[in-house]
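Colleague: Given next are the chains, with one letter for each unit.
Number of protein chains: 4
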Amino acid sequence: MPRRYPVCPFEPSSGASVKDVLEGMERVSFQGRMLGAAFRIWRDMLKANVYIFFGLAGAMVPAGMRKILVFLIENRYLDCLVATGANLFHDLHETLGRRHFMVDPNVDDHEMREQGLDRIYDTYAPERDFILTDHYVMDFARTLDPAQPATTARFFALLGERADRDKKEDGLITAAWRNRVPIYCPAIADSSYGIALAVLAAKTGHKVTLDLVGDVVETEELAARYRTGVIYVGGGTPKNFVQQTEVTTAILRGGCRGHEYAIQITADAPQWGGLSGCTFQEAQSWGKISAKAKMASVHADATIALPILASGLAQTGIRRKKPRPVTRNP
Amino acid sequence: MPRRYPVCPFEPSSGASVKDVLEGMERVSFQGRMLGAAFRIWRDMLKANVYIFFGLAGAMVPAGMRKILVFLIENRYLDCLVATGANLFHDLHETLGRRHFMVDPNVDDHEMREQGLDRIYDTYAPERDFILTDHYVMDFARTLDPAQPATTARFFALLGERADRDKKEDGLITAAWRNRVPIYCPAIADSSYGIALAVLAAKTGHKVTLDLVGDVVETEELAARYRTGVIYVGGGTPKNFVQQTEVTTAILRGGCRGHEYAIQITADAPQWGGLSGCTFQEAQSWGKISAKAKMASVHADATIALPILASGLAQTGIRRKKPRPVTRNP
Amino acid sequence: MPRRYPVCPFEPSSGASVKDVLEGMERVSFQGRMLGAAFRIWRDMLKANVYIFFGLAGAMVPAGMRKILVFLIENRYLDCLVATGANLFHDLHETLGRRHFMVDPNVDDHEMREQGLDRIYDTYAPERDFILTDHYVMDFARTLDPAQPATTARFFALLGERADRDKKEDGLITAAWRNRVPIYCPAIADSSYGIALAVLAAKTGHKVTLDLVGDVVETEELAARYRTGVIYVGGGTPKNFVQQTEVTTAILRGGCRGHEYAIQITADAPQWGGLSGCTFQEAQSWGKISAKAKMASVHADATIALPILASGLAQTGIRRKKPRPVTRNP
Amino acid sequence: MPRRYPVCPFEPSSGASVKDVLEGMERVSFQGRMLGAAFRIWRDMLKANVYIFFGLAGAMVPAGMRKILVFLIENRYLDCLVATGANLFHDLHETLGRRHFMVDPNVDDHEMREQGLDRIYDTYAPERDFILTDHYVMDFARTLDPAQPATTARFFALLGERADRDKKEDGLITAAWRNRVPIYCPAIADSSYGIALAVLAAKTGHKVTLDLVGDVVETEELAARYRTGVIYVGGGTPKNFVQQTEVTTAILRGGCRGHEYAIQITADAPQWGGLSGCTFQEAQSWGKISAKAKMASVHADATIALPILASGLAQTGIRRKKPRPVTRNP
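Listed in order, the protein sequences are those of chains A, B, C and D.
Read in order, the letters of the first sequence are residues 1 to 330 in the working numbering.
Read in order, the letters of the second sequence are residues 1 to 330 in the working numbering.
Read in order, the letters of the third sequence are residues 1 to 330 in the working numbering.
Read in order, the letters of the fourth sequence are residues 1 to 330 in the working numbering.
To be clear, the hints were calculated from the coordinates, so they are not data collected in a lab.
Be a bit skeptical, because a hint or two may be false.
The list treats identical chains as one, so a pair stands whether inside a single copy or across any two.
As the list claims (entries may be wrong) - Pairs of lysine to aspartate or glutamate, EDC-like flavour, derived with a Cα cap of 20 angstroms:
(1) 207 x 145
(2) 292 x 170
(3) 167 x 11
(4) 203 x 11
(5) 47 x 20
Assemble the whole structure, with the sequences as input and the hints as a guide.
Modeller: This is how it looks when you write it as structure tokens:
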């Protein structure tokens, strides 16, 4: 312990920007310090110009995070999105002009059911609106050739192209398509996309096949080609899927670098042993994260952390618009 | 509030069986009450002879839960397993005679890395053992016809048949195969199975295609054919995948019954808004769970809850061996 | 890592006792392992015959844990109880023949209010019953001499003596009195005891004075006299109060041993930085816990852990009845 | 559900102030919405000019929150502080010019012990600095008359007066003294204050007596005299102590209003049944919170929430300097 770094008590100021607040938080303790560190590391990633995988789990789009994600895509504050199917379905729902609504989380769910309102904690949407989006997906899926398995990146690029024509507002899928940001969805069948594809298959016999192995191959190639950073909002399949790119690379090509920058925002915790809540130190034992990586785990609800971090990023003025040449996108 | 049910203080007894303890816990408060309720509802499911979907997430097999799961399968205390790929990979690892080991969770992960030991909180296994299992999966995958997409249930049934010949100990996959319990793995690519299939494809061009839409179609058929109960250990894709069967049924066939019995054991919580931690009340608003369902959410680490519940079930003497006619299995 | 200890998958058995289950759990992972470790360490404490401080926070008595605590006192599985005032008030309520009742935690609290029912998550009691207990405390407090400040241990010993005559059922306070187990309550004013004493003072001018500094002096003496172990159910003032005995001893007498055995059962977690959820490793930096202590932190609801642990202890047959000579009790 | 309030996706902006961000967050979901609601309700409290009780638990001062609390006191954004002894001891430590330092939470605690460094998660201070503060408290306590029990409000007012002369920087105790904000510390013996008073008593026989019943009487009077709002950072004794003022009032004076505004920032959760994590709805069943209260529970680490909220408040320009006539302060 050669040098001592004192905690600097945070001083509220009427003139402080969000960026100032985040910078000040890095000198407090506990999760405030981690949020400050996450902000700094994200900026470091952008400066180092590494390839940024962004894992998205939890009901973030219904929770009002869509425009933040669009902002991150538009400004190239991420390079590749790995998401749950649900987020991508709710994104399409909003892109097509439909909304989510606020509700008391202690509402009577039997009444919600009777009114056809599907609840997500303190938020809901009418089921009939979801069904309209189901049909949009089915119409789109009819255009896919069952004989040609598509990676999920291709699936969402094609959907993005179509939705960009039909959109009422911009969303993840449309912005990602326009900005050549690939979207992977490793558990796509486990969502309303899966439901729509199954209903289409059961009703019409048109059975889309997805090239999930292709998803693994492509993301490994991205991880092998670039120096990489990772940002995880929640855990689940997006986190694991991005983490495993380094394991796949090590097996296929030997050596092992690990991701060089790592941020996670999670309400989970290490003591339950699952991958969603595990530390980046644990990931270092596997070689998923580089031994020298810059890392910050923020234990916080992402609906608090993301608006703060994104507002702070907006105030940095960092520009990183130029799309990387992503070969696999249509 | 017409009638009052007093809390009955729990009385320790030298003669009490685990079953007695669980029955006594239903009259205490908080999560103890929920664990007692989960035990009763599981027995109710078995008595009502509903079809039981069992979702398995979290690192349960590395954590020493494999034999409990085999016990549940052998005794038909579950009818269909939906699991993360990781659990099924670690199961194969143990089935082939390899082990997981205990470690202090504060161990130096750089040293672990140098020794090639992959850590899962307080547990680890040598990476070279995992690689042997990777090769076993690749050898198996070579036997699959790329032109014929397989559902994950078919994938694991065929793997179970093969592993049953090679096994050192019984595991989920082998027991499920022998007992005609289908195993679905909606995020199979997001695991060492995905890695093995990608490495095989990259190295040899033999690219297995999985019929994920078929998984959704089949599980919907199971949900439509039977009265159902659900048990979730952790959240993630297994929980969502089983929950969505009822949504798919409602769209395809109209009407909506919802699962009639529901248990979850989770370290997550509702206030973060994600599906993994959401209440069954919330699921009732969607029609995923029946308005009249018997439900218990236990907020506890499954490595505590499962040994207790399984020991209690073993002491009930309930027999439910006869396999249901599952048509899709090979 | 010279020797490897494999995880031993837990095997359910119809003949297993609770003790067997707990012993088996020590070879699994995550919090199951910790519960098994807690059981072993508690037995080690009893064998080593150290002086056991037991900290009790959270609404454990309303939750049906009273008889477990009486069992622990009667069998001398603890030597000194440090509790929140609320637990000791609810204990008196039950000792005098009143009950707590079960309720759905989603009940309408406005209706509860109208009916005069005070809710504690999924449990409640009628307010009028609490007021009867308030009056019992006031009647007792009238017998205390305002000019003679009483330690809380003395307060509860005298109350125990009185309640033992009036009791309908045995409780912590009565059992502790009969078994010469001192009860300390460092935040006594922060509970219905504080309310009753304030109401008495405001209405009659009879103002009881408590010798809180005496509590600190006495518990330091206990910690200095004996080799010690600690068991914490929840955090709060009971945990901190017992932890600080070692700091006080170090200042007063020099040297520092720290508690030699340590168990905590908590739903809190370290990452929030508070003392309630902190690790025993952190406590070692302060010298509160011995560098060589046997320690187990169990992240679990105590309404699950306590019934299991107490049932397991009941099956060990360990007898440790003889009271230690506690000088300060009346 | 007569009217629908859509979720408004949050839009990052380079020109947004912290206040703007908080206002935008009220239209997202989950805990982001709650943080936004807490900000609005705090402002409502200030506008309604109710008497604001502020409960402070958790290691907030070591975590760099001292200046935020001073800011809240100086601007009269709170009227009465109820705190744990630890926060008030660490405040004195910093006020006298000593610091807390940053450390990796995975540091080796045996090494910390050898160097005499006391750790609080990712923060520490040298023990010898704490001992200097202990002596300051003992010197102060010598000036108190053992025959005259002091409320903790009086204890901290007198200490504030003294520390204001000796201070290197301003702290809670000094700012509260200057601004006539009373500080209550219901568990004062459970902290280094208790240790210092016990050491003083053991070494010199000078035994300070605290009038804890007086604390309850005084806070009840404040709750009875004013319309009230409450803000809780963490749970523990501060939360319960403030909550119980309404119960005491109801018993002493009949009727029951309950606190009219209520905010809590907590890392705890309702399902464990304890008071620290319980909902304000539950508190309404007891009459502690008014049936019509405006309420927000924010599940977040206070080291994230407080810097954001305080910065937002600083940008509102609300002025509320004039001290209320608090009769009991010296």
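Colleague: Confirm or reject each hint.
Modeller: Now for the hints, and whether the structure bears them out:
1. 207 x 145: both (9 angstroms within a copy, 18 angstroms between copies)
2. 292 x 170: neither (38 angstroms within a copy, 40 angstroms between copies)
3. 167 x 11: between (44 angstroms within a copy, 18 angstroms between copies)
4. 203 x 11: The answer is neither: 62 angstroms in one copy and 40 angstroms across copies each exceed 20 angstroms.
5. 47 x 20: within (19 angstroms within a copy, 28 angstroms between copies)
In this structure, the hints that do not hold are numbers 2, 4, in rising order.
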